[in-house]
Amino acid sequence: MLKSSNLLCLLALVAAICLLSVQSGASGESCKVKIHITKEVPGKCVRLHGDRVGCMADGFLDVANDECYEMR
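Mapped onto mature numbering (1 follows the signal peptide of the UniProt record, and there is no 0), the consecutive letters of the sequence shown carry residue numbers -28 to -1, 1 to 44.
Calculated from the structure, these hints are not laboratory results. A few of these clues could be false.
[Claimed, not checked] Dumping the calculated EDC-like pairs for lysine to aspartate or glutamate here, alpha-carbon to alpha-carbon at most 20 Å:
1. K16 / D30
2. K4 / E39
3. K16 / E1
4. K16 / D34
5. K11 / D30
6. K16 / E42
7. K11 / E39
8. K11 / D34
9. K11 / E42
All chains should be built: construct the whole structure from the sequences, respecting the hints.
Next comes the structure, spelled out in C-alpha coordinates:
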(Lines of atoms letter the chains of each structure in order from A and count residues from 1; the text may use other names and numbers.)
(Lines give C-alpha, C1' and ligand atoms only; values in the text may rest on other atoms or scores of the structure.)
Protein backbone atom coordinates (compact mmCIF):
# COMPACT_ATOMS: atom_id res chain seq x y z
CA MET A 1 0.00 0.00 0.00
CA LEU A 2 1.29 3.45 -0.85
CA LYS A 3 1.94 5.87 2.00
CA SER A 4 0.10 9.17 1.77
CA SER A 5 3.31 11.09 1.03
CA ASN A 6 4.13 8.71 -1.84
CA LEU A 7 0.57 9.01 -3.13
CA LEU A 8 0.77 12.81 -3.09
CA CYS A 9 4.08 12.70 -4.99
CA LEU A 10 2.53 10.37 -7.55
CA LEU A 11 -0.49 12.66 -7.96
CA ALA A 12 1.80 15.68 -8.37
CA LEU A 13 3.80 13.83 -11.03
CA VAL A 14 0.64 12.89 -12.94
CA ALA A 15 -0.59 16.50 -12.72
CA ALA A 16 2.76 17.79 -14.02
CA ILE A 17 2.68 15.36 -16.95
CA CYS A 18 -0.89 16.41 -17.76
CA LEU A 19 0.06 20.09 -17.64
CA LEU A 20 3.04 19.53 -19.92
CA SER A 21 0.94 17.62 -22.44
CA VAL A 22 -1.65 20.43 -22.75
CA GLN A 23 -1.07 22.55 -25.81
CA SER A 24 -0.05 26.10 -25.01
CA GLY A 25 -2.85 28.53 -25.70
CA ALA A 26 -5.52 25.81 -25.50
CA SER A 27 -8.52 26.89 -23.45
CA GLY A 28 -11.45 24.86 -22.33
CA GLU A 29 -14.29 24.70 -19.88
CA SER A 30 -13.53 24.54 -16.17
CA CYS A 31 -13.84 21.13 -14.57
CA LYS A 32 -12.94 19.21 -11.41
CA VAL A 33 -11.08 15.95 -10.90
CA LYS A 34 -12.35 13.64 -8.14
CA ILE A 35 -9.59 11.86 -6.25
CA HIS A 36 -10.57 9.00 -3.95
CA ILE A 37 -7.99 8.21 -1.30
CA THR A 38 -8.18 4.94 0.61
CA LYS A 39 -6.83 5.06 4.14
CA GLU A 40 -6.69 2.21 6.66
CA VAL A 41 -7.67 3.09 10.23
CA PRO A 42 -7.27 0.55 13.06
CA GLY A 43 -10.58 -0.46 14.60
CA LYS A 44 -12.45 -3.16 16.49
CA CYS A 45 -14.76 -5.90 15.27
CA VAL A 46 -18.35 -5.39 16.47
CA ARG A 47 -21.51 -7.47 16.35
CA LEU A 48 -24.33 -5.96 14.33
CA HIS A 49 -27.96 -7.06 13.97
CA GLY A 50 -28.42 -10.82 13.72
CA ASP A 51 -25.25 -12.72 12.84
CA ARG A 52 -23.63 -9.81 11.02
CA VAL A 53 -20.29 -8.36 12.06
CA GLY A 54 -18.35 -5.30 11.01
CA CYS A 55 -15.28 -3.24 11.82
CA MET A 56 -15.75 0.10 13.58
CA ALA A 57 -13.04 2.78 13.62
CA ASP A 58 -13.20 6.53 14.29
CA GLY A 59 -16.93 6.73 13.63
CA PHE A 60 -16.72 4.66 10.42
CA LEU A 61 -18.28 1.22 9.99
CA ASP A 62 -17.12 -1.36 7.43
CA VAL A 63 -19.84 -4.02 7.20
CA ALA A 64 -17.91 -6.02 4.58
CA ASN A 65 -14.63 -6.32 6.49
CA ASP A 66 -12.99 -9.73 5.92
CA GLU A 67 -10.95 -9.53 9.13
CA CYS A 68 -14.05 -9.77 11.35
CA TYR A 69 -15.66 -12.93 9.93
CA GLU A 70 -14.10 -15.11 12.65
CA MET A 71 -16.46 -13.44 15.18
CA ARG A 72 -19.48 -15.17 13.62
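Evaluated hints:
1. Proximity of K16 to D30 is assessed by CA-CA distance (about 10 Å); at most 20 Å being required, the pair is judged to hold.
2. Restraint check: the Cα-Cα separation between K4 and E39 comes to about 35 Å, which exceeds 20 Å; the hinted pair is violated.
3. About 46 Å separates the Cα atoms of K16 and E1, which puts this hinted pair outside 20 Å; it is violated.
4. Proximity of K16 to D34 is assessed by CA-CA distance (about 10 Å); at most 20 Å being required, the pair is judged to hold.
5. At roughly 12 Å between alpha-carbon atoms, K11 and D30 fall within 20 Å of each other, so this suggested pair holds.
6. Restraint check for K16 and E42: the C-alpha separation of about 13 Å stays at or below 20 Å, so the hint holds.
7. Our distance criterion of 20 Å between C-alpha atoms is met by K11 and E39, whose separation comes to about 16 Å.
8. Distance restraint check for K11 and D34: the Cα-Cα separation of roughly 13 Å lies within the 20 Å cut-off, and the hinted pair is therefore satisfied.
9. Pair hint K11 plus E42 does not hold up; C-alpha atoms about 23 Å apart against a cutoff of 20 Å.
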